[in-house]
Amino acid sequence: MNWRRMLVITRTDLRQLRQSPDFWVPMAILAALFFIVIPTILLFAIGHAGRIGLVQQIGRTLNVLPQRVKEAVDRAGQSPEGRAQYAMAVYLFAPLAVVVPLTISTAIGANTIVGEREKGTGEFLAHSPAAESEIYIGKLIGSILPGYLATLIGFGIYAIVVNVMVGPKVGGWFFPTGDWWLLMLWVVPPFIMLALSAVLRISARVRSATAAQQASGLVTLPLILVAYGQSSGALLGRQFAGWVVGGIAWALAALGLMRGARAVTRERLLGVDKQA
Amino acid sequence: MAEPVVQIKGVSRAFANVVALDNFDLEVPPGTVTALLGPNGAGKTTTVRVITGGLKVSGGSVRVFGMDPYTNGESVRLRCGVVSAKPALYDRLNGWDNLRYAAELFGLGENAPIGEAAARFGIRDALDFRVGTYSTGMKTRLALARAVLHDPQLLLLDEPTAGLDPESARAVLALIDEMATGGKTVLLCTHLLLEAEGLADQVVVMDQGHALIAGPPAELSKRFWPNLVVLLDAEDRETLDEAKIFEGVLTYERNGHATIQIDDLARIPDLIAYMSARGVRLTRVEPHVPTLEDLYFAVRNKTRPAVFKRGQTPKSAEDRL
Numbered sequence: 000m001n002w003r004r005m006l007v008i009t010r011t012d013l014r015q016l017r018q019s020p021d022f023w024v025p026m027a028i029l030a031a032l033f034f035i036v037i038p039t040i041l042l043f044a045i046g047h048a049g050r051i052g053l054v055q056q057i058g059r060t061l062n063v064l065p066q067r068v069k070e071a072v073d074r075a076g077q078s079p080e081g082r083a084q085y086a087m088a089v090y091l092f093a094p095l096a097v098v099v100p101l102t103i104s105t106a107i108g109a110n111t112i113v114g115e116r117e118k119g120t121g122e123f124l125a126h127s128p129a130a131e132s133e134i135y136i137g138k139l140i141g142s143i144l145p146g147y148l149a150t151l152i153g154f155g156i157y158a159i160v161v162n163v164m165v166g167p168k169v170g171g172w173f174f175p176t177g178d179w180w181l182l183m184l185w186v187v188p189p190f191i192m193l194a195l196s197a198v199l200r201i202s203a204r205v206r207s208a209t210a211a212q213q214a215s216g217l218v219t220l221p222l223i224l225v226a227y228g229q230s231s232g233a234l235l236g237r238q239f240a241g242w243v244v245g246g247i248a249w250a251l252a253a254l255g256l257m258r259g260a261r262a263v264t265r266e267r268l269l270g271v272d273k274q275a
Numbered sequence: 000m001a002e003p004v005v006q007i008k009g010v011s012r013a014f015a016n017v018v019a020l021d022n023f024d025l026e027v028p029p030g031t032v033t034a035l036l037g038p039n040g041a042g043k044t045t046t047v048r049v050i051t052g053g054l055k056v057s058g059g060s061v062r063v064f065g066m067d068p069y070t071n072g073e074s075v076r077l078r079c080g081v082v083s084a085k086p087a088l089y090d091r092l093n094g095w096d097n098l099r100y101a102a103e104l105f106g107l108g109e110n111a112p113i114g115e116a117a118a119r120f121g122i123r124d125a126l127d128f129r130v131g132t133y134s135t136g137m138k139t140r141l142a143l144a145r146a147v148l149h150d151p152q153l154l155l156l157d158e159p160t161a162g163l164d165p166e167s168a169r170a171v172l173a174l175i176d177e178m179a180t181g182g183k184t185v186l187l188c189t190h191l192l193l194e195a196e197g198l199a200d201q202v203v204v205m206d207q208g209h210a211l212i213a214g215p216p217a218e219l220s221k222r223f224w225p226n227l228v229v230l231l232d233a234e235d236r237e238t239l240d241e242a243k244i245f246e247g248v249l250t251y252e253r254n255g256h257a258t259i260q261i262d263d264l265a266r267i268p269d270l271i272a273y274m275s276a277r278g279v280r281l282t283r284v285e286p287h288v289p290t291l292e293d294l295y296f297a298v299r300n301k302t303r304p305a306v307f308k309r310g311q312t313p314k315s316a317e318d319r320l
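Line by line, the protein sequences are chains E and R. Per numbering that gives the first Met the number 0, residue 0 is the first one in the first sequence, and the count goes up by one each step. Per numbering that gives the first Met the number 0, residue 0 is the first one in the second sequence, and the count goes up by one each step.
Next up, chain E with everything else stripped away, as it sits in the complex (with noise of 0.2 Å):
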């Protein structure tokens, strides 16, 4: 395995990618809605509710967490809208972190392989010294990248919010707690990788970036769904709860993986695998 070389395929996907704002854009501004827009005026409209309406539903809600998290929430402060919103930003928007990097690594994913047959390209690398597998772990970092680094940037904003929003009312600086660097850290990447391991796959497979797209997107809905349910669990869980979960993801990840890169092919890339 040649890294530098792979690196290499990095690199030129990722200024690629750059050089096409038509696509990050879009993703940018999911990134914020999800991280900063929507926190922020749900964060707000709680401080401002008063102790009125929404903050007694949100107190039922809290009735139903489990008692580690009801104790947290309760050491968090006095006032029923400081405790609402603390346990909003703590606990309620952990699928945040994972619906934001698996949106937009399978979205660049999805348009990987097949983008490169359907602009011709593949042809070059087909022809390069390059390895299959260098072609495949290159491309693979360059469609997690993005995704994750905009899932980190997004979750330093959110903390930033949360913090200046909350904090005063729960005694100062309280996030990120320590579950959701474990959410950040050990949890989300191996769900990135899981799912794009399968929409690799698919990119090498189908004929069209279009059809790659429709695709991935039946293949990583139901995935997103579970990571949005394991994440909470692992938030409001036990605490090994979050190791246990993120453990299993990076068994099956390594596994897809594993798989996916037998789905990069030369053959493939010079799109005459379905005529062979």
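A hint or two may mislead.
[Unchecked claim] Simulated coverage check for chain R against chain E, where a stretch passes if three residues somewhere in it have a Cβ under 8 Å from a Cβ of chain E: (1) 45 to 59; (2) 93 to 101; (3) 247 to 261.
[As the list claims (entries may be wrong)] Short derived list, chain E residues pointing at chain R, Cβ under 10 Å: (4) V24; (5) T60; (6) E70; (7) A208.
None of these hints come from the bench; they were simulated from the model. Backbone N, C-alpha and C fix where the C-beta goes; we use that ideal spot for every residue, glycine too.
Since chain E is already given, all that's left is putting chain R on it; use the hints.
The following block gives chain R in isolation, referenced to the frame of chain E:
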């Protein structure tokens, strides 16, 4: 004799029910230009893909630089430069980035001669622009620059002048000639016969995946037209048939003008006098060197053209022997 750079023996490859290569043989000696001629679908592009190891063959053997390109792909591809029928460039990147990408994939590092390669093909000033804004000719030049960036020993050019205007096409052919003169081995796929004329040391006429004929153009012409060819024309073309019975005329064909094969050019003055004596007003008497186009159609029609029994005038290729 030096070992061939490319040696293909009895290679077959099919796509579904379509046979792309059928028991195909090819030898490309080092430092030569070999032209693969044939219509679309003859198997030229498949041959290029087989040579770089992009496609696996279903039968026969392929050796490039003495190695199997399918199992030693990296070693073979590092020594090959390919220009495919479509330039296969990244439209969203500029010229620099396209060339840099190739340089890095081929392990050239920071000191890759990107500017020099681009200048050689007259594309240096356009490198800062996005390739998507390039004309077809500029894209082909950039693709050529990319193909020679790593100084490959074998150049595989698949329809390099497709879609180019005549000036650009001529410039590209001149550059190929220059590279061949510089000692590179070149395999040129084309269905444009003029493209290979004067450039190829060896031609291989392909049809339906196999080689109809292969060899140096002059040798092949000699094989098809062993005698001297002379074109004749007259005010009244029907009177040209008088030439059929002139001594020394070996073959005669009239299709508009007349084409004869004659055993000795020294007989031409006598032929002119003979025709004049019979009231034939000649307007053209021209010794003819068969072109690659003549050869191509002669091979494709699976006949030795212009070999007719005396008195027979062919109406179509089907009439030929």
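Cross-check of the supplied hints:
Against chain E, the segment 45 to 59 of chain R contributes 6 residues with a C-beta closer than 8 Å to a partner C-beta. That satisfies the three-residue criterion, and the hint holds. Only residues whose beta carbon comes within less than 8 Å of a beta carbon in chain E count, and the segment 93 to 101 of chain R has 3; three or more means the coverage holds. Under the rule that three or more residues need a Cβ within less than 8 Å of chain E, the assignment of the segment 247 to 261 of chain R is violated, with 0 such residues. With a cut of 10 Å, the hint placing V24 (chain E) at the interface with chain R is violated, because the nearest CB-to-CB distance is about 15 Å.
Hint status for T60 (chain E) relative to chain R: violated, with the closest Cβ pair at about 47 Å, above 10 Å. Interface hint status for E70 (chain E): violated, as the beta-carbon distance to the closest one in chain R is roughly 53 Å, over 10 Å. With a least beta-carbon distance of about 14 Å to chain R, the hint placing A208 (chain E) at the interface is violated under the 10 Å criterion.
Violation of the numbered hints given earlier is confined to hints 3, 4, 5, 6, 7; the remaining hints are satisfied by the structure.
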